Amino acid sequence: MLTIDAVTGTNFAYHRVPLTRWLDDMVALDRRELELWGIAQHIDLFDLSVLAVRALKAELDARGLRVACVTPEQIMYPVNVASADPVIIARTQRFFRNASELCAELGGDLVFLTPGWGWEGEPIHDAQRRAAGQLHDIAEHAAGLGLRCVLEALQRHESNLGVGIEMLGAVLDAADAPTLGVALDTVAMATSGEGIEDYFSRFGDRVWHVHLVDGSPGGHRAWGDGELPLVDYLAQLRAVGYEGLVTPELFGTPYIYDPTAAHAANLATIRQAFEQVDARTAGIR
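Numbered by this note's numbering, the letters in the sequence shown go through residues 2 to 286 in order.
Note that these hints are calculated values from the structure, not bench results.
Honestly, I wouldn't trust all of these hints.
Just the calculated beta-carbon pair ranges, DEER-fashion [claimed, not checked]:
1. Trp120 <-> Glu167: 18 to 24 angstroms
2. Asp127 <-> Asp233: 35 to 41 angstroms
3. Arg157 <-> Asp177: 23 to 29 angstroms
4. Ala63 <-> Trp120: 17 to 23 angstroms
5. Thr4 <-> Ala53: 18 to 24 angstroms
6. Asp6 <-> Ser202: 23 to 29 angstroms
7. Arg17 <-> Ala56: 48 to 54 angstroms
8. Ala262 <-> Ala41: 20 to 26 angstroms
9. Arg17 <-> Asp233: 19 to 25 angstroms
10. Ala262 <-> Gly65: 22 to 28 angstroms
11. Gly122 <-> Arg64: 44 to 50 angstroms
On a predicted model such as this, the values are computed, not experimentally measured, just so you know.
Note that CB positions come from ideal geometry on N, CA and C, so glycine has one too.
Work out the full structure, taking the sequences as your base and the hints as a guide.
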């Protein structure tokens, strides 16, 4: 059953402080399973060195922490699985191979992917086909390392591919990779006018990861800073039998100024929401 123990620790919003501060905070918050945002300030996936991987592994081991999911930055970075440029394609493949190898070295399970973007005005199917081919190759490489990958829908300002369940499903199906599943992001879901039951109706047991984040309905906000129904979401995830990890993806201002306080308060809100779900289940009003 989904509980507070499924909530990961993550370095989203921590990129202006040292990685060790993030790790110390996660210990203090009793988060043992982590989602690592692959941002260069903490780990450089363009030029991944053996020494950097060993140093990170040592810091994790010293604290009893594990990276379960590696999420390479792929919106702001010059990588794009749907690109038609051979230089960008080659860079993108190297980047995600590095991410997969990092995940495997850290003992992780999942590599987090997005569908990229095509040129505005070009036939959407052309970009979807390119994305599917690259995602297939990335998933195959990750599978060879014992990993699975998850594909997340995006908001329209982030991409013109994978916006909403229908488009995401088209890319996923075309990629034709059994070790490629779905990451449900509550903001991407809400901005497309969709719900948790819609995701599980379409993808079933291929929903392997969740980004649990508030918005209005867009944004990457702490719970309570947006308008999305956290208690309902948690209850619905339980109802469909989801038992994977959930990541609170806080991003941007004001969280970057004091990520310690932001993550502590957000976790406390999620904990209270689980208590409300428990009470609802028990029939307590």
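Do the hints match the structure? See the list:
1. Trp120 <-> Glu167: 18 to 24 angstroms: holds, 21 angstroms
2. Asp127 <-> Asp233: 35 to 41 angstroms: Distance hint for Asp127, Asp233 holds at roughly 38 angstroms.
3. Arg157 <-> Asp177: 23 to 29 angstroms: holds, 26 angstroms
4. Ala63 <-> Trp120: 17 to 23 angstroms: Violated, since Ala63 and Trp120 (Cβ atoms, about 47 angstroms apart) do not stay within the stated range.
5. Thr4 <-> Ala53: 18 to 24 angstroms: violated, 34 angstroms
6. Asp6 <-> Ser202: 23 to 29 angstroms: Once the Cβ atoms are compared, 27 angstroms apart, the range 23 to 29 angstroms for Ser202 and Asp6 holds.
7. Arg17 <-> Ala56: 48 to 54 angstroms: Taking Cβ atoms as reference, Arg17 and Ala56 lie about 20 angstroms apart, which means the hint is violated.
8. Ala262 <-> Ala41: 20 to 26 angstroms: Roughly 25 angstroms apart at Cβ, these two residues keep to the hinted range, so it holds.
9. Arg17 <-> Asp233: 19 to 25 angstroms: violated, 33 angstroms
10. Ala262 <-> Gly65: 22 to 28 angstroms: holds, 23 angstroms
11. Gly122 <-> Arg64: 44 to 50 angstroms: holds, 49 angstroms
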